[in-house]
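Undergrad: Chain residues, written in single-letter form:
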Amino acid sequence: MSQAAANKGQSLSQIVSDARLTRENITLVGKSPAKLVGLFLAIGAIGIVLTLVGAQAIGLEYALAAYHVGVMGVLAICLGSLFWVMLFHMFSATWSVTVRRQFENVMRAMWLCLILILPIMILEVASNGVLFTWMGEAAKSDPIYQHKAGFLNVPFFLLRLAIYFTLWLTLIRKFWVWQRKQDETGDRWLTNRARFTSAWGLVVFGLTTAFAAFDWLMSLDYHFFSTMWGVYFFAGAGYSAMAVNILITRGLSAMGKMNGVVTVEHRHDQGKLLFAFTVFWAYIGFSQYFLIWYANVPEETSYFLARKVNYPELTFALVVGHFCLPFLIMLPRPIKRSGLAITIMAAWALVIHFVDMYWIIRPMADAHVLHDGGSPIGLKALWLDLAGIIGVVGLFAAVVARNVFTGPLIPLNDPRLPGCLHHKNYV
Amino acid sequence: MASVQYQTESGAKVFGMLAEFANPHTLSEGAKKVRDAGYRKWDTHAPFPVHEMEESMGIVGKAIAPMMFVIGCAAICGAGGGYLMQYLINVDYSIIVQGKPTYQAWEPFIPVTFELGILFTAFGSLLSMLAFNGLPRHHHPLFNSDNFLRCTDDAFFISIEAADGKFDPDQTRRLLEEAGATNVELVEDPEGNA
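Residue numbers (this note's numbering), protein chains in the order written: chain A, 1 to 427; chain B, 1001 to 1194.
Please note that a few of the clues may not be correct.
[As the list claims (entries may be wrong)] In silico DSSO-like cross-links for lysine-lysine, where the CA-CA straight-line distance does not exceed 27 angstroms:
1) Lys1062/B with Lys424/A
2) Lys31/A with Lys181/A
3) Lys1032/B with Lys1166/B
4) Lys1100/B with Lys308/A
5) Lys1033/B with Lys424/A
[To be verified] Computed Cβ-Cβ distance ranges for the label pairs, DEER-style:
6) Ser1094/B with Asp372/A: 40 to 46 angstroms
7) Ala1065/B with Glu313/A: 34 to 40 angstroms
8) Phe1132/B with Arg188/A: 43 to 49 angstroms
9) Pro298/A with Pro1101/B: 14 to 20 angstroms
[Unchecked claim] Just a sample of chain A residues kept apart from chain B, beta carbon distances all over 12 angstroms, derived:
10) Ala139
11) Lys257
12) Leu386
These aren't lab readings, by the way, just hints derived from the structure by calculation. Beta carbons are placed, not taken as given, at the ideal position from N, Cα and C, and that holds for glycine.
From just these sequences and the hints, can you work out the full model?
TA: Rendered as structure tokens:
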């Protein structure tokens, strides 16, 4: 009987007895998260304060845009983690059992996204639209808005927000409660229930994620529309969630945990999926651009004009940094198996994920300032943008760190755990 | 080619030695012994994939590198050729549709470039797989052993070719028997075209 099972008592012994599953190896018990959480909280607080300063010094539009970038980036990571958890349940994935707990720890931070998004909504509604200009009076006489007003109006907008978060938080709660219960009781049928829930959960996830992306990102420019928008957001979500997962598991390995539990074989698979989502993002991103380029409809092309012409550096950085370089670097097998290389690529993936969100949101602040007769500042106040993003990421990291430090680092009684411990890539 | 050509008493050329094993486990253990003895021209045969066999045979990743190179070249040829084809056609004979730029714009060329890249990669994978495996071929000397036909059913084999520099009828037989073979036989190659 393994030590972990012995410590947990009762009915665990029948599931797994493996020398690698010692209490020291698969829990962080005895280590206090206080230092790390405190550090992240401090970073978050400084960032938020600087954002508030920026709102006074530079302009509300810019501060709000910076904060919006952070919130949307973090929301994508949460949603991506929920997606991976459901996907693994859905396909009864064996290889991912030992890394799945870290996805769960990230998706559990979804409540923070709700808290973070509320100030945006309150501010936007209260001031009749800072970035969401369709909330303002000027839009009321715009025929394009009038056409969309049945969907794009404040009450329905807020109702949708409530629906999305209710569904997401319900799904997350279900999976998490079952996981913890299985840790304690070893009830294998909970895995079956999780699988059943994933089946309809993925459909709900696909619809809500797409519509959330329409609401909170696409409607920043209410003239613009793209049917690929939801998929584009999802591609970034899956990509960044996998990157965060790699960083957490690598961090735990660096602390001497999960020895032989998360091995080079698991890392290889994480790397493959990170690589796959690099390509997927590029495929969707180019397809969206290509169709809009070809159709040449003014409402659509304005989106890319605002970014290609006004932010050529960012556009170039995305093409090279979100696709070309990661594609070429992560193509060889040894890179995906190397701990250092995959850590660097995952960290880079996170950076470029926020650049992607920045590229989507920030040009709209300039456009609205220009529309109101002001002079746009472009990239001149980068400190404010960094403060907004890092502030939100700091708070998010604090919550995730607290989640990681509580409870075991792997699902203790997952029926597929033995297979996962012997996982190997033959190709 | 080996320095020594072995012949049976009847004068037929020897293809190699075929050893039967009882189960995948003993096959894998036997393969490790043959690997450690330093043989190069040998193979294992089983009715189903035996997962740890690459390691037991010591061939992990060895065959894949040259194949990857060929596939990479095919991919670059496909994608580059796909792009160049469209570019040159549009330089030579521009057709302006909807007022779009012709060869000055890269956007419309990407789908064909992408698809040809994929297509050539697929061709490269298939053809290089066949080439590196020495396929297609109509016959193999191992089929001269009636016993060997069971390898698609319930038997596990190691075959060592006589063309291997370390091959020696007595020593190889002893090695295979020590490695746990239940039955070792010499396989002839009447056509002698090995």
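Undergrad: Now tell me, hint by hint, if it's right for this structure.
TA: Hints and how they fare:
no.: 1; hint: Lys1062/B with Lys424/A; verdict: holds, 18 angstroms
no.: 2; hint: Lys31/A with Lys181/A; verdict: holds, 23 angstroms
no.: 3; hint: Lys1032/B with Lys1166/B; verdict: holds, 16 angstroms
no.: 4; hint: Lys1100/B with Lys308/A; verdict: holds, 18 angstroms
no.: 5; hint: Lys1033/B with Lys424/A; verdict: holds, 23 angstroms
no.: 6; hint: Ser1094/B with Asp372/A: 40 to 46 angstroms; verdict: holds, 44 angstroms
no.: 7; hint: Ala1065/B with Glu313/A: 34 to 40 angstroms; verdict: holds, 38 angstroms
no.: 8; hint: Phe1132/B with Arg188/A: 43 to 49 angstroms; verdict: holds, 44 angstroms
no.: 9; hint: Pro298/A with Pro1101/B: 14 to 20 angstroms; verdict: holds, 18 angstroms
no.: 10; hint: Ala139; verdict: holds, 31 angstroms
no.: 11; hint: Lys257; verdict: holds, 28 angstroms
no.: 12; hint: Leu386; verdict: holds, 33 angstroms
This entry satisfies every hint, going by the numbered hints stated previously.
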